[in-house]
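Read top to bottom, the protein sequences are chains A and B.
Residues in the first sequence are numbered from 1 upward in steps of one, following this note's numbering.
Residues in the second sequence are numbered from 1 upward in steps of one, following this note's numbering.
These aren't lab readings, by the way, just hints derived from the structure by calculation.
Don't take every hint at face value.
List time: in silico DSSO-like cross-link candidates among lysine-lysine, alpha-carbon distance up to 27 Å [stated by the list, open to error]:
id : chain 1 : residue 1 : chain 2 : residue 2
1  : B       : K47       : B       : K277
2  : B       : K236      : B       : K127
3  : A       : K130      : A       : K65
4  : B       : K277      : A       : K198
5  : B       : K50       : B       : K26
6  : A       : K206      : B       : K277
7  : B       : K199      : B       : K182
8  : A       : K240      : B       : K277
9  : B       : K391      : B       : K417
10 : B       : K47       : A       : K207
11 : A       : K100      : A       : K198
12 : A       : K80       : A       : K65
13 : B       : K236      : B       : K180
14 : B       : K424      : A       : K80
15 : A       : K277      : A       : K100
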Amino acid sequence: MGLFGRIKAGLQKTRSGIMNRLEGLFSRKNFDDGFFEELEEVLISADLGVETTLDLVEDLRQKVKDEKLTEPDDVIAALKQLLLDILGESEESLEPPTEKPSVILVLGVNGVGKTTTIGKLAARYRRQGKKVLLAAGDTFRAAAIEQLEIWAERTQSELVKHQHGADPAAVIFDAINAARARGCDVVLCDTAGRLHNKASLMEELKKVHRVIAKALPGAPHEVLLVLDATTGQNALAQAKVFNEAAPLTGLVLTKLDGTAKGGIVIAVARSLKIPVKFIGVGEGIEDLQPFIAQEYVEGLFHAD
Amino acid sequence: MIFESLSNKLQDTFRRLRGRGKLTEKDVNTALREVRLALLEADVNFKVVKDFIAAVKERSLGSEVMASLTPGQTVIKIVNEELTKLMGGSVAELSQAAAPPTVVMMVGLQGAGKTTSAAKLALLLKKKKHAPLIVAADIYRPAAIKQLQVLGEQLDIPVFQMGQQEPVQIAKAALEYAKKHKHDYMIVDTAGRLHVDEKLMEELERMSATLQPQEILLVVDAMTGQDAVNVAQAFKERLSLTGVVLTKLDGDTRGGAALSVRAVTGCPIKFAALGEKTDAFEPFHPDRMASRILGMGDVLTLIEKAQASFDEDKARDLEKKLRTQQFTLEDFLEQMEQLKKMGPLNQIFEMLPGMGGMGKKLKDIQLDEKQFARTEAIIKSMTKQERQNPKIINSSRRKRIAAGSGTRVQDVNNLLKQFDMVQKMMKRLGKKEKGKGIRRFPFL
Ligand SMILES: Nc1nc2c(ncn2[C@@H]2O[C@H](COP(=O)(O)OP(=O)(O)OP(=O)(O)O)[C@@H](O)[C@H]2O)c(=O)[nH]1
Ligand SMILES: [Mg+2]
C-alpha cells in the first residue's frame, strides 16, 4: 500500500465510524434539538470534548439560523468550515529543515510514540538526503537507549548516547556538538516519557530546553509534542503543561490507524493555537504523514 | 488525586442541589445533565454515560426519592450506588491454576503499559513468596525483550525469551520451562497491537489456545478517551478476558475509561498502576474508586450513618427549640455525642443542606477530634443552669469550669464563643430553611 493509501486507510476508519452516524443524522428533514443533540454525540464520541463540542454546535446553530441553511449538505459544509477555522487550513508541515543543524525536541507522556516518531522522522529526512543524528535523551526507561539504537540502524542515522541514568541534558548537549562537528543536518532528541503532573520531571525538561539553547543559539528549532489519538481529554492538560515547560511548535498525532479519532487535537489547536504537523498511521518506518487539515476534516465527513 | 477533577465537578453539582431543598422532576433533570457533562468530560464513553444517567433517572424519579433523606441527598446516594455498581463489587483476586503454573497473559494496545505492568505484577507475586516467571513475547517492538530483561535483572525475577521467534512457539516452550523449573506463576508480556489488526489479534487467540491461561488481563491506559469501549469490545470478542489493569493512574486524568471498560467487558479491574517505579502497582479497589469519582465517600458514609442513628423524636424536639431559639449548651453536647457516633468531623458540615457559604465559617471554629473531647469535658463541668443559660457564666465560673475539665480558661472562652456562633448560624438556618434542612441532621 502506498503512503497515501495508508493514511487513507487509516482515516477510512475515522470516517466510517462517524459517517454511519452522520448518514442517519443528515437524513433528517428538519434541524430540531434532537438533530443538534445527535451531532453533539458524534463530536463527543470523536473525543473533541464537552466544551469544544458545545461551542461548535452552538456556533453551528447560529450559522444555520443566520444563513438560513436547510440542506444537510450545507450544514455539513458549515461544520467543516468551523473545524477548519480551528485547525488552520494551511499545510503546517516540517519541511526540510533549513538551519544546520536543526534541532528537534520530541516530548510526550509515557507510551505515546515518541521514539517511534523519531525513527519515522529520521527516515523521512534521510529520504530527503539529510544527515541525521539521534540523541538518546531517554536515559530513564529500561532499554530505551537500545530501542533508539535500533531506529538509528534502521535509518542509518548517527546516534549519541550516554549510560542509562545519565543526565538527559548532557546527552543532548553532546549530541548537538557532535552534530556540528560531523556536519549533520538534523538532530532528533528523544526524551523519557513523563506525566505532565510530575513537577520534577517537567523541571528536568525545562533544563533540557535551556541547555539546547545554550549549545546552539536559536535551538531548538522545533519542539514537538506527541499525542496518542486514543487519549481523551487529558491530552489538553498535557499540551498546556508541556507548552509551559518548553514552548511547543507542533503536535504529532499518533496511532490514527486504530479506531480512535484523535479529536482532542481540535480542542488543543483551539485553546493553544498549536498546529498538528504529523500523524502516525502505523508502526512501520514509513507510517508518518504530514497533517493536512483539509484532509483530516474531509475525512471526518466523507465516506470515500 | 485520581478522580479529583471529576469529584470537584460532581461536588459542585451537588452543592447546587443541596441548596435547593426538595427536588422537582425538572431539578433531577437539570442535575443529571450536569452529571452527564461531568462524566463526559471525564472521558466516560457517551453510551455508557447514557445508560448510567438513565439508570439514575429511573431510580430518582421512583418512590425512593421520597424516602427518608432529602431529595438532593437521595440523588447523591443513587448516583453513588449506580457508580459503585458500574465499577464492580469488591477487590478482585487473581485466580489460580489447579496445577501450577498459573498463566497470566497481558494484552492491550501499543503504549498502554503491558511490559512494565508484567514486571510489576511479577514483583507483587514475588513479594508474596511466589516464584514467577516473566515471558517475553513481544517480538515486534524494538528492544522490548531487552526492556523485560533489564527489569527482570533489576527485580531478580527470571525472564524467558527466545528472541524474535514465533510468539506461539515461545508460549509453548515457556510453559514447559515454567513447569520444569517449578514456577508457580507465569506472566506473559505480549506485543501491543491494535484491536483492528486481524493478523495480530489472531496471533493472540492462538497464544491463548496454547497457554490456556487462567487470567487474560487487558491493560488499559487510564487516559484513554471514547475509544476505550471499541478496544475493550474487540479484545473481549477475541479472548476470554478475565480482568483489567488500569495504568498511569498517577497522572491527573479523570479516568472515566475505567467506567467504560468495566461496562463493556464486565470484567473486574484487578490492578492499578500508579507510577513508573516497579512497586507502584496495587490491587484495584472499585468501591473506593466509585466514591472517589464522586469525591463524597465520607459524606455518603455519613448519610448512611445519619439515617441509622437518627432519632426522629429528638429531631422534632430540636427543631422546635431551634425555632424558638432555645438551643442550649446541653443540646450542643447531645448533638456532639450524636456526631461522634458518625465518624470524621471535617466532612460532616460539607454535606449539610444549605450550608454552602457557611462551610468556611465552620472551618474557622475548627471542630477537630481533639477539640471535640475538650469541648465535651468543658460542658460536662458546667452546672445544669450554666448549660441552659451560658450568659451567666462569668469569669469566676469560667475559672472553675476550666479547672474542673482540666482545660484552660482560654479554652472555655473559645467554646462559649463557638457556641454563640453556632447559635447565630442556626438562627439563620432556621429562618432560611424553615427547619427543612435540619430535618435529617439533628446536630444542627
Ligand atoms: N499502531 C500504531 N502504533 C504506534 C504508532 N506510533 C507508535 N506506536 C507504537 O506504540 C508503542 C510505543 O511507542 P514508543 O515510540 O516506544 O513510545 P514512547 O513515547 O517513546 O514510549 P516511552 O519512551 O516508553 O514513553 C510502540 O509499540 C510503537 O510501535 C502509530 O502511529 N500507530
Ligand atoms: Mg521512548
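Hint-by-hint comparison with the structure:
1. B:K47 / B:K277: violated (35 Å)
2. B:K236 / B:K127: Violated: K236 of chain B and K127 of chain B sit about 30 Å apart, past 27 Å.
3. A:K130 / A:K65: violated (53 Å)
4. B:K277 / A:K198: OK: K277 of chain B and K198 of chain A at ~13 Å, within 27 Å.
5. B:K50 / B:K26: The hint holds at about 18 Å.
6. A:K206 / B:K277: holds (23 Å)
7. B:K199 / B:K182: violated (33 Å)
8. A:K240 / B:K277: holds (25 Å)
9. B:K391 / B:K417: holds (11 Å)
10. B:K47 / A:K207: Given pair K47 of chain B, K207 of chain A is violated - Cα atoms ~44 Å apart, limit 27 Å.
11. A:K100 / A:K198: violated (34 Å)
12. A:K80 / A:K65: Roughly 17 Å between the alpha carbons, so the hint for K80 of chain A and K65 of chain A holds.
13. B:K236 / B:K180: It is violated: about 32 Å lies between the C-alpha atoms, which goes past 27 Å.
14. B:K424 / A:K80: violated (59 Å)
15. A:K277 / A:K100: The hint holds at about 21 Å.
Violation of the numbered hints given earlier is confined to hints 1, 2, 3, 7, 10, 11, 13, 14; the remaining hints are satisfied by the structure.
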